[in-house]
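Once you have looked at the hints, place chain G on chain B.
Protein sequence lines correspond, in order, to chains B and G.
Just so you know, we're using numbering that gives the first Met the number 0 here: the first sequence kicks off at 0 and counts up by one.
Just so you know, we're using numbering that gives the first Met the number 0 here: the second sequence kicks off at 0 and counts up by one.
Hints listed in this document are in silico derivations from the structure and should not be mistaken for laboratory results.
We put the CB at the ideal spot given by N, CA and C, even for glycine.
Among the clues, some could well be false.
[To be verified] Straight-line distance between alpha carbons at most 35 Å, and here's what the computed DSBU-like set of lysine-lysine pairs gives:
#: 1; chain 1: B; residue 1: K41; chain 2: G; residue 2: K220
#: 2; chain 1: B; residue 1: K41; chain 2: G; residue 2: K303
#: 3; chain 1: G; residue 1: K245; chain 2: G; residue 2: K456
#: 4; chain 1: G; residue 1: K245; chain 2: G; residue 2: K333
#: 5; chain 1: B; residue 1: K41; chain 2: G; residue 2: K245
#: 6; chain 1: G; residue 1: K499; chain 2: G; residue 2: K317
#: 7; chain 1: B; residue 1: K41; chain 2: G; residue 2: K483
#: 8; chain 1: G; residue 1: K333; chain 2: G; residue 2: K303
#: 9; chain 1: G; residue 1: K372; chain 2: B; residue 2: K41
#: 10; chain 1: B; residue 1: K41; chain 2: G; residue 2: K335
#: 11; chain 1: B; residue 1: K41; chain 2: G; residue 2: K333
[As the list claims (entries may be wrong)] Distance windows between CB atoms, simulated:
#: 12; chain 1: B; residue 1: V111; chain 2: G; residue 2: I257; range: 46 to 52 Å
#: 13; chain 1: G; residue 1: S177; chain 2: B; residue 2: T110; range: 44 to 50 Å
#: 14; chain 1: G; residue 1: Q336; chain 2: B; residue 2: L118; range: 50 to 56 Å
#: 15; chain 1: G; residue 1: D340; chain 2: B; residue 2: T110; range: 54 to 60 Å
#: 16; chain 1: B; residue 1: P115; chain 2: G; residue 2: A135; range: 42 to 48 Å
#: 17; chain 1: G; residue 1: T394; chain 2: B; residue 2: F179; range: 54 to 60 Å
#: 18; chain 1: G; residue 1: V274; chain 2: B; residue 2: R175; range: 54 to 60 Å
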Amino acid sequence: MKKPKNYNLIIGGSITAIMLIFMLTGIFFTPHDPNTMDGGLKFAGASFTHPFGNDNFGRDLLSRVMTGSLTTLYVAALTVLIGTFFGVVIGALTGYFGGIIDEVLMRINDTVFAFPSILLALVFVSIFGSGRNNVILALGIAFVPSFARIVRGEFLKYKKMDYITSARLAGAGNLRIMFFHILPNTFTVLLPAVLIGFNNAVLAEAGMSYLGIGVQPPDPSLGRMLSEAQPFLFRAPAMALAPGIVLILIILGFSLLSDGSMKSLSAQSLQNRGNK
Amino acid sequence: MKRKEAVRFFSAMVLISLTVALSACSGDKQGDELSSVITVGIPQDIEDSLDPHRAVAAGTREVLFNLFEGLVKPTSDGDYIPAIASDFTIAENGLVYTFTLRENVKFHDGSTVTAEDVKFSLDKCADTGSGSPLVAAFANISEVLILDEKTIAIHLFTPDTEILASLTTAIIPAANASPESNPIGTGPYLFTSRSPQENFVVTRFADYWGDKANIETVIFKIIANSDTIVMDLEGGSLDMVPRITKSQSDELSGRFNILEGTMNLVQALYLNHAVPPFDILEVRQALCYAVDPFEIMLMISDGKGAEVGSSMFPAFTKYFIEDLNNFYSFDIEKAKQLLSDAGYPDGFSFTITVPSNHTQHVDTAQVLVEQFKRIGVQANIELIEWETWVAEVNTGRNYETTVIGLVASTFTARAMLDRFHTDNRRNFNNYSNPDFDIALENALASADDLMKTFYYKECLRILTETAANVYIQDLPEFVAISNKFGGYEFYPLPALDMAKMYIVD
Numbered sequence: 000m001k002k003p004k005n006y007n008l009i010i011g012g013s014i015t016a017i018m019l020i021f022m023l024t025g026i027f028f029t030p031h032d033p034n035t036m037d038g039g040l041k042f043a044g045a046s047f048t049h050p051f052g053n054d055n056f057g058r059d060l061l062s063r064v065m066t067g068s069l070t071t072l073y074v075a076a077l078t079v080l081i082g083t084f085f086g087v088v089i090g091a092l093t094g095y096f097g098g099i100i101d102e103v104l105m106r107i108n109d110t111v112f113a114f115p116s117i118l119l120a121l122v123f124v125s126i127f128g129s130g131r132n133n134v135i136l137a138l139g140i141a142f143v144p145s146f147a148r149i150v151r152g153e154f155l156k157y158k159k160m161d162y163i164t165s166a167r168l169a170g171a172g173n174l175r176i177m178f179f180h181i182l183p184n185t186f187t188v189l190l191p192a193v194l195i196g197f198n199n200a201v202l203a204e205a206g207m208s209y210l211g212i213g214v215q216p217p218d219p220s221l222g223r224m225l226s227e228a229q230p231f232l233f234r235a236p237a238m239a240l241a242p243g244i245v246l247i248l249i250i251l252g253f254s255l256l257s258d259g260s261m262k263s264l265s266a267q268s269l270q271n272r273g274n275k
Numbered sequence: 000m001k002r003k004e005a006v007r008f009f010s011a012m013v014l015i016s017l018t019v020a021l022s023a024c025s026g027d028k029q030g031d032e033l034s035s036v037i038t039v040g041i042p043q044d045i046e047d048s049l050d051p052h053r054a055v056a057a058g059t060r061e062v063l064f065n066l067f068e069g070l071v072k073p074t075s076d077g078d079y080i081p082a083i084a085s086d087f088t089i090a091e092n093g094l095v096y097t098f099t100l101r102e103n104v105k106f107h108d109g110s111t112v113t114a115e116d117v118k119f120s121l122d123k124c125a126d127t128g129s130g131s132p133l134v135a136a137f138a139n140i141s142e143v144l145i146l147d148e149k150t151i152a153i154h155l156f157t158p159d160t161e162i163l164a165s166l167t168t169a170i171i172p173a174a175n176a177s178p179e180s181n182p183i184g185t186g187p188y189l190f191t192s193r194s195p196q197e198n199f200v201v202t203r204f205a206d207y208w209g210d211k212a213n214i215e216t217v218i219f220k221i222i223a224n225s226d227t228i229v230m231d232l233e234g235g236s237l238d239m240v241p242r243i244t245k246s247q248s249d250e251l252s253g254r255f256n257i258l259e260g261t262m263n264l265v266q267a268l269y270l271n272h273a274v275p276p277f278d279i280l281e282v283r284q285a286l287c288y289a290v291d292p293f294e295i296m297l298m299i300s301d302g303k304g305a306e307v308g309s310s311m312f313p314a315f316t317k318y319f320i321e322d323l324n325n326f327y328s329f330d331i332e333k334a335k336q337l338l339s340d341a342g343y344p345d346g347f348s349f350t351i352t353v354p355s356n357h358t359q360h361v362d363t364a365q366v367l368v369e370q371f372k373r374i375g376v377q378a379n380i381e382l383i384e385w386e387t388w389v390a391e392v393n394t395g396r397n398y399e400t401t402v403i404g405l406v407a408s409t410f411t412a413r414a415m416l417d418r419f420h421t422d423n424r425r426n427f428n429n430y431s432n433p434d435f436d437i438a439l440e441n442a443l444a445s446a447d448d449l450m451k452t453f454y455y456k457e458c459l460r461i462l463t464e465t466a467a468n469v470y471i472q473d474l475p476e477f478v479a480i481s482n483k484f485g486g487y488e489f490y491p492l493p494a495l496d497m498a499k500m501y502i503v504d
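The following block holds chain B by itself, in its conformation from the complex (with noise of 0.2 Å):
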């Protein structure tokens, strides 16, 4: 049977690819400094040294999106790394144990969960201070209790298989099924998980920086950009346009790249109990 293609996965692929590519760039190369400031060319538009134009301190715009994304890219790739390493760890024991643990756990969690990220991260930030480290930390808290209910999900639905209760009978450790037998099975859930808290985490730092906590000027990331752009929406709409369309486009590919990993692992699994 020939396998219909999976655009999503395709188109989504391409997009986040040429993102990953425009953001790492950054690293290495940028066409000027980001924070470098012409007072010659505020507001400038679209030219060959600039194509992006220039903000309202003639700085380069395409620089300061590259840097600023990166920014961005960073902070959402750590917030996602704790919230899913400490999800897992919390939504393995509390699944598998169950009893007072889960009880306990899951109710913090609950709490946790009860408030939206957005206000967790500020009030975690006005009290122990802004700044990129701090706002990584508080965005990660907030995003460990969902992963922790999708691994607890799982961990619940496959630790009442028969495979586990041989694996146990041939006598594997808890820790040895916890994240040998069951782990791997979860991963068709996580990483569309995975990637759709990516993507709530690019708009959760664009949201902080643009209230103005996060990323301090004159450092670029996405959200301070947009926010700086609004004074000048007429006078100078690239200013606002060029992190806009940029943090869109990561969005986007990362969007269409989980809907298609999701259908393509979808699609896997039910080959392989086919093939059983």
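Just chain G now, kept in the frame of chain B:
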């Protein structure tokens, strides 16, 4: 069935007649009012107090300016003219000020201003019962004497030529039991209504002693979100907004006149002298040489603004010393030289704390970071909330440097300078210089105006020479006014003088 129809018919008739009656009402009103109403956008609600003696925010004082007057009142050139008093004399020793009250000055409630009211108001502000008096300069008043119905004498402990600036303090009726909620003054406008977080409405006072206001009603409308200012002006819900930004003024159409003035403040990178390396003179001077105020003006307001070289703004011509602007003219080589003399050949790094709600200061800080990079000094910006700024920087003095604009609370040199005295509780700079302290004490003690001016200028020179702060500019102020109105005047202190405004035909 029939009964139901009858009810329906009847209620429809009631509705129709009501609609007609009500719309007729509003129609009449509109025709009458449109000609003489002006809606002014103000950035914050009159939250602190309607009592003119307790109002502290500049945003409140500029509105209450229309409601209240003192024995004298300020003019737009920074002078003082008699208001409730028609005349005054100063005794030769400078210790007694005798005021003759103007005939028939009425309060908004219709009563006539008496010498008792004046004494009541001045005594209230000079009262030291709750610690410091409401008006700081009144600590110097020994007593207020009523000589006769129309004459009042103010006795001072020591001569003070600046006391006149504080005698603009509002005169309120002694009989008013609740000045907090029922503001009664003698100004050209009287209080009509107030909706919290929405508006503050005043109407022309028909019995005003002087030139009566031209516009019948002034609505001060609170604009919660400054992003909507341009739309509100273009849409007609606002006629005038003081203090818009340069970019907002650029977006307004030809239906609006943009008046340009200055904010009468001193914007500077204020340094905490208690934190190293800002205790070293050469380091501070190096920072002064590294800063180019004109580049900052170009970046943040298209080149508008006025350079300042010390803690005095240009509109205060009596004390402003223009030469000090060039004391540290932009010179990178000199700055680098001074840095290595001070033992920092490779520069250093520090934090600039900026209140995030003041865009001009945040933008200025961003340009400063770039300018300091040129001499190898790494500055990092930390944005904080306004309330945190007040607590941490202004009160707590827990900061390295900050960009802010300092204003004068009264139109006196003292208001700008006394904060730099070693023992002053507002000295958030931790600036301490014995020469400055002596000069300031001499200025405060001088009875002679020439000597006073001389010592104040001395203070300003010392601040510049010791590079107390990195002085930048007096920010430009743009006022947008619909071309239907004219007559706006800039004052060197917080005031929106609506009485002088008129409708252009």
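Which numbered hints fail: none
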